[in-house]
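K.L.:
If you want the building blocks of each chain, they are given just below.
Protein chains: 2
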Amino acid sequence: MEHLGRHVIIELWGCGDAINDRGLVERAMRNAVHAANATLLNLFIHEFSPQGVTGVAVLAESHLSIHTWPEYGYVAADVFTCGSTTKPEAAAEVLRVEFGATNADIRELERGVMPASMAQGRPREFANA
Amino acid sequence: MEHLGRHVIIELWGCGDAINDRGLVERAMRNAVHAANATLLNLFIHEFSPQGVTGVAVLAESHLSIHTWPEYGYVAADVFTCGSTTKPEAAAEVLRVEFGATNADIRELERGVMPASMAQGRPREFANA
Numbered sequence: 001m002e003h004l005g006r007h008v009i010i011e012l013w014g015c016g017d018a019i020n021d022r023g024l025v026e027r028a029m030r031n032a033v034h035a036a037n038a039t040l041l042n043l044f045i046h047e048f049s050p051q052g053v054t055g056v057a058v059l060a061e062s063h064l065s066i067h068t069w070p071e072y073g074y075v076a077a078d079v080f081t082c083g084s085t086t087k088p089e090a091a092a093e094v095l096r097v098e099f100g101a102t103n104a105d106i107r108e109l110e111r112g113v114m115p116a117s118m119a120q121g122r123p124r125e126f127a128n129a
Numbered sequence: 001m002e003h004l005g006r007h008v009i010i011e012l013w014g015c016g017d018a019i020n021d022r023g024l025v026e027r028a029m030r031n032a033v034h035a036a037n038a039t040l041l042n043l044f045i046h047e048f049s050p051q052g053v054t055g056v057a058v059l060a061e062s063h064l065s066i067h068t069w070p071e072y073g074y075v076a077a078d079v080f081t082c083g084s085t086t087k088p089e090a091a092a093e094v095l096r097v098e099f100g101a102t103n104a105d106i107r108e109l110e111r112g113v114m115p116a117s118m119a120q121g122r123p124r125e126f127a128n129a
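Which chain is which? The protein sequence lines are A and B, in order. Using the numbering used here, the letters of the first sequence map in sequence onto residues 1 to 129. Using the numbering used here, the letters of the second sequence map in sequence onto residues 1 to 129.
Isolated chain A (complex conformation) (with noise of 0.2 Å):
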């Protein structure tokens, strides 16, 4: 294993009245979560005034988070899994469809790539992970 996590941001843009529902954003995460294989630890869910949701899903896997700006259609949400088990790709393709965004920008980060000049003696070790 080359890295000890996938970390994929989302951005959600054209999304529907879906986003500032606390219980439709909820949903959205929990099946985000089904998707992505991980197991949920701890759901918190923010409505904010006027308008907007953050919701933030701690996993055994890392984390979820969910932010709704609906004034303008868009979500800010990423997607953090260790494993190999999990597909992060499907929980934001899950978010995608829930939200009826018309317009995703989905990129994926590798976390937890040790740097070269301190993985000297120990790669072995690493690869394990």
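Straight-line distance between alpha carbons at most 25 Å, and here's what the computed SDA-like set of lysine to any residue pairs gives:
(1) 87(B) with 48(A)
(2) 87(A) with 45(B)
(3) 87(A) with 49(B)
(4) 87(B) with 109(A)
(5) 87(B) with 46(A)
(6) 87(A) with 72(B)
(7) 87(A) with 47(B)
(8) 87(A) with 44(B)
(9) 87(B) with 51(A)
(10) 87(B) with 98(B)
(11) 87(A) with 51(B)
(12) 87(A) with 46(B)
(13) 87(B) with 49(A)
(14) 87(B) with 45(A)
(15) 87(B) with 52(A)
(16) 87(B) with 30(B)
(17) 87(A) with 2(A)
(18) 87(B) with 47(A)
(19) 87(A) with 48(B)
(20) 87(B) with 44(A)
(21) 87(B) with 2(B)
(22) 87(A) with 52(B)
(23) 87(A) with 37(A)
(24) 87(A) with 108(A)
(25) 87(A) with 23(A)
(26) 87(A) with 109(B)
(27) 87(B) with 72(A)
(28) 87(B) with 107(B)
If you're looking for bench data, these hints aren't it; they were derived computationally from the structure.
Following the hints, position chain B against chain A.
P.N.:
Chain B alone, transformed into the frame defined by chain A:
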């Protein structure tokens, strides 16, 4: 304003024992939130067995997350803030110092940059975000 949020991605290596201590992780997170000039809405911390800590702070301005791998001296963190008065880079610096990282890779992503294809006809409105 050309973007709605700033997302700072933080890779810390060579960290000390603090990253396996729930109390010290919580302290670092609270200090980081304070340094970022952000408002804490909720803080959740989970300790893994046999090691590792995950902490997620929900902020009025978005979120801060930390995931630690003590066996590698590694911390994956991110700080996402919106608004012009927050300083996510200051939070990153607090985490680097409190965890005693010997190697830090800190990069910033602009979030909520409206796609050009969607901005037509509404640049002025968006500029007032």
